[in-house]
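**Q** Using the sequences and the hints given, assemble the complete structure.
Chain by chain, the residues run as shown.
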Amino acid sequence: MPGKRPVLLAPFRHGVKNRFFPGNSLPFRTLAALAIGILVCLALYRIGFRVVTYFHNQNELGIILSLKIFQMAWVTVFAMLVFSCMVSAVSTLFLSQDNEIVFAAPITPRELFFMRYITTTIYTSWMMVIFSLPIFSAYGSVFKAGPLYLPLTLLAVFSTATIASAFGMTVTVGLVNLFPARRTKDIILYLSICFGIFIYVMFRLLKPEDLVNPDKYSHFLDYLSSISNPAAPYVPAAWAANLLSLYLLDRQVDWLLVGLMAITPLALFFIGEWTMDRWFFSGYSKSQESFGGHRRFHHLFRYRPRAWLWVFRKEAKLFLRDSAEWSQLFMIAALIVIYLYNFKVLPLDRSPIKEEYIANLIAFLNIGLTGFVVASLSARFVYPSMGGEGGAFYVVQAAPISMGRYLLAKFFFYAIPFTALALILLVFSNHLLKIEGPMWWISLVIGLVITWTLVGLALGFGSLYADFKVENRAAALGGIGAILFLFTAVGFELMIIVAGGIPVYRLVVKNLAGEAVRTGDLLMLVTWIGASILLSVGVVLFLLKKGIRRLEEG
Amino acid sequence: MSPQATAMIEVERLSKHFGSFAAVDDVSLAIRRGEIFGFLGPNGAGKTTTIKMLAGLLKPSGGRIRIKGIDLAASPVACKQITGFIPDRPYLYEKLTGIEYLQFIASLYHLPLDRFEANSEQLLALFGLTEWRNHLIESYSHGMRQKLIMASVFMLEPPVIIVDEPMVGLDPKSARIVKELFKSRARSGTAIFLSTHSLEIAEELCDRIAIILNGRIRVIGDLAALRQEARLEHSDLEEIFLELTGAYEVREVIAALKGMQSHDEEEA
Chain A
1 MPGKRPVLLA PFRHGVKNRF FPGNSLPFRT LAALAIGILV CLALYRIGFR
51 VVTYFHNQNE LGIILSLKIF QMAWVTVFAM LVFSCMVSAV STLFLSQDNE
101 IVFAAPITPR ELFFMRYITT TIYTSWMMVI FSLPIFSAYG SVFKAGPLYL
151 PLTLLAVFST ATIASAFGMT VTVGLVNLFP ARRTKDIILY LSICFGIFIY
201 VMFRLLKPED LVNPDKYSHF LDYLSSISNP AAPYVPAAWA ANLLSLYLLD
251 RQVDWLLVGL MAITPLALFF IGEWTMDRWF FSGYSKSQES FGGHRRFHHL
301 FRYRPRAWLW VFRKEAKLFL RDSAEWSQLF MIAALIVIYL YNFKVLPLDR
351 SPIKEEYIAN LIAFLNIGLT GFVVASLSAR FVYPSMGGEG GAFYVVQAAP
401 ISMGRYLLAK FFFYAIPFTA LALILLVFSN HLLKIEGPMW WISLVIGLVI
451 TWTLVGLALG FGSLYADFKV ENRAAALGGI GAILFLFTAV GFELMIIVAG
501 GIPVYRLVVK NLAGEAVRTG DLLMLVTWIG ASILLSVGVV LFLLKKGIRR
551 LEEG
Chain B
555 MSPQATAMIE VERLSKHFGS FAAVDDVSLA IRRGEIFGFL GPNGAGKTTT
605 IKMLAGLLKP SGGRIRIKGI DLAASPVACK QITGFIPDRP YLYEKLTGIE
655 YLQFIASLYH LPLDRFEANS EQLLALFGLT EWRNHLIESY SHGMRQKLIM
705 ASVFMLEPPV IIVDEPMVGL DPKSARIVKE LFKSRARSGT AIFLSTHSLE
755 IAEELCDRIA IILNGRIRVI GDLAALRQEA RLEHSDLEEI FLELTGAYEV
805 REVIAALKGM QSHDEEEA
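Chains as they are written, first to last, in my numbering: chain A, 1 to 554; chain B, 555 to 822.
One or more of the hints may lead you astray.
DSSO-like cross-link-like pairs, simulated, lysine-lysine; straight-line CA separation at most 27 Å [to be verified]:
#	chain 1	residue 1	chain 2	residue 2
1	A	K286	A	K469
2	B	K737	A	K546
3	A	K317	B	K649
Selected chain B positions facing chain A (Cβ under 8 Å, derived; list incomplete) [claimed, not checked]:
#	residue
4	F572
5	G610
6	L611
7	S615
8	K649
9	T651
10	I659
11	H664
12	L665
13	P666
14	R741
15	L753
Covered stretches of chain B (chain A as the covering partner; in silico rule of three or more C-beta atoms under 8 Å from a C-beta of chain A) [what the hints assert, rightly or not]:
#	region
16	640 to 646
17	677 to 690
Don't read these hints as lab results, they were simulated from the structure. This structure is a prediction, so every number in the text was calculated from the model and none was measured. Every residue gets a Cβ at the ideal spot worked out from N, C-alpha and C, and that includes glycine.
**A** Right, dumping it as structure tokens:
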């Protein structure tokens, strides 16, 4: 009955409409999110344009290198999309609360697949679509691509997203059936471990450091052929990359690839429907048996009447007992290893600029990079921590603890691991870059100020836009509050880094030249650090206060 | 001594507006020490909104609430310290065990160690949850969750208890225990504000009853006063409730349904 499919999408459609256009109006917050989104896209386009232009202006090698990065970006984005679809599919297909209503109705598993497929694809890939289009457009502009570039890019993005989604969901339906019922809910843990290993292996196989190191190859031609080879022909994302690379270079369209990209999503969708028809019910039945009732826990700590202690303990227990949450630590560990590995293999000695200068410049920019890592992890873990309390939040609202104190306890709970993460990233990369002197201290102080600010901002936005009805923490990332948090976080970081450029440059240059630092330069640096701290405290307090007011009003 | 002086919960001209809609409008009440106060009304009358405001979960649009003489708006933390709240839906932290949940609640209310140990064990045993104390709440049934929330509130021994639909999901044995607990707590001086749809429970437990209709108090008093107001001298609470909430059409619907049933029987 095809007539039921649009009906099944009605809750999602109405939900989106009510969220962004409540009462058929266009509220300020929607306009603000739209305006900030456009600004970020423009900024990404500008940055992408500059970087690609830089490569493009070098020589033929530069062009090939830029296309190699283009291919790597496609494959990485595809892998991330597949993984995030698999994680989301476990929740949307098997653990959604509305399953009881929808699946009890005369709906076939195929129709259910259609409903979940559309919503999961939108939830998991909207960010990739919005943020990748400006970068790919920048490639088009620099390469002065022909009129078909935009439609081909749109096809490539759409096809990659839908292939990733159909593949991820189909695999999940199969996997859930392979696990014993009691472990079904832990499936995300195993998926995360696999993904961590996959990312690491993929990165090691790609050997990105060799791209900037022609000496590794006995002949220059070997090097050229190794980097100009098209990406893996069996990975759908590589089809997109190869199709667009070919059009960018020669304005030729590979119609076979176009056909593959048009047909594969449909084929995978039908395979997904069939898989769902065959295995969904047994998997769904298993997932309902997988509650933790079989396990007994022994509490090691004696009761102490201290609210702070228990807020900490509660947060830790909720995190550590939810395999969907703590399993992501494996991914973070993989990210840290790759992050630091990049610094290890940086060919600083090949730079035309003096090695110490370039190392200091990278260390300075690394503050921003660390901030980006902190911002994205805050969006994943800190932002949803208020909404993640769910219906149980009434316990805190009704308890004799002020919302301010509760949020402060939460802030410290998250600030501690995030401080450790920032310190690892900053201290180890500084060590690998052989940074000493003022830059070491500056990166640490400003890095920590940014880290604490981002944790505070995530908590503030998370309180202000807390959705206590959201089914899983990851789903909160699709909300308007998460988008505003990310934009604000990136804006804040850019502001601090850009403002610090001149004072840090003056100080470091003097220091590297062995000259005495002028009082004026020192004053400028202190002013920058002081202003950064003031701005940070101001922004965080403002948002936390707004969040507290919103939570107190109920 | 005036009733106001001994009142544990005082509500003065309380109102709550959602946009232009008045969910609660000019409600005034006073609940005494040791009193079980029933709060009745049809669906959407404003019961849960009122209860949420009394528990400090929702900010009123107007009016004042005092718990044991303390202004809730001015000192919310002090008021919450002496108020136990039992909601109608048992949302809990799924990844905590039963005993961990009790510890968490006890620490939020700064319950001393000796009272925690004595009360928690006794209440877990009373509600038949001792065996489940070290299992995750996600494995509890609806009724077990409701009992755990009840245990957490009774454990605190607060002088004021606010409860929304206390018997939902409870088996008859647990419902009996809860009723006896309410009675015994009231005897020891606790003021209990109880919202319910069950007229039998209200009739059995409550010293006084208020009926709220369209956000306003329609009537307040003991059963005799309610009978007088409804001009139904020998009727039970259900008749009085239907009369006072203007649900005349219900009688017509019931008559029509009965008519349909007898018609079906004749045809059969």
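**Q** Next, verify each hint and record whether it holds.
**A** Status of each hint after checking the structure:
| no. | hint | in the structure |
| --- | --- | --- |
| 1 | A:K286 with A:K469 | holds (24 Å) |
| 2 | B:K737 with A:K546 | violated (42 Å) |
| 3 | A:K317 with B:K649 | holds (7 Å) |
| 4 | F572 | violated (11 Å) |
| 5 | G610 | holds (6 Å) |
| 6 | L611 | holds (5 Å) |
| 7 | S615 | violated (11 Å) |
| 8 | K649 | holds (4 Å) |
| 9 | T651 | holds (5 Å) |
| 10 | I659 | holds (7 Å) |
| 11 | H664 | holds (5 Å) |
| 12 | L665 | holds (6 Å) |
| 13 | P666 | holds (6 Å) |
| 14 | R741 | violated (25 Å) |
| 15 | L753 | violated (26 Å) |
| 16 | 640 to 646 | holds (count 4) |
| 17 | 677 to 690 | holds (count 3) |
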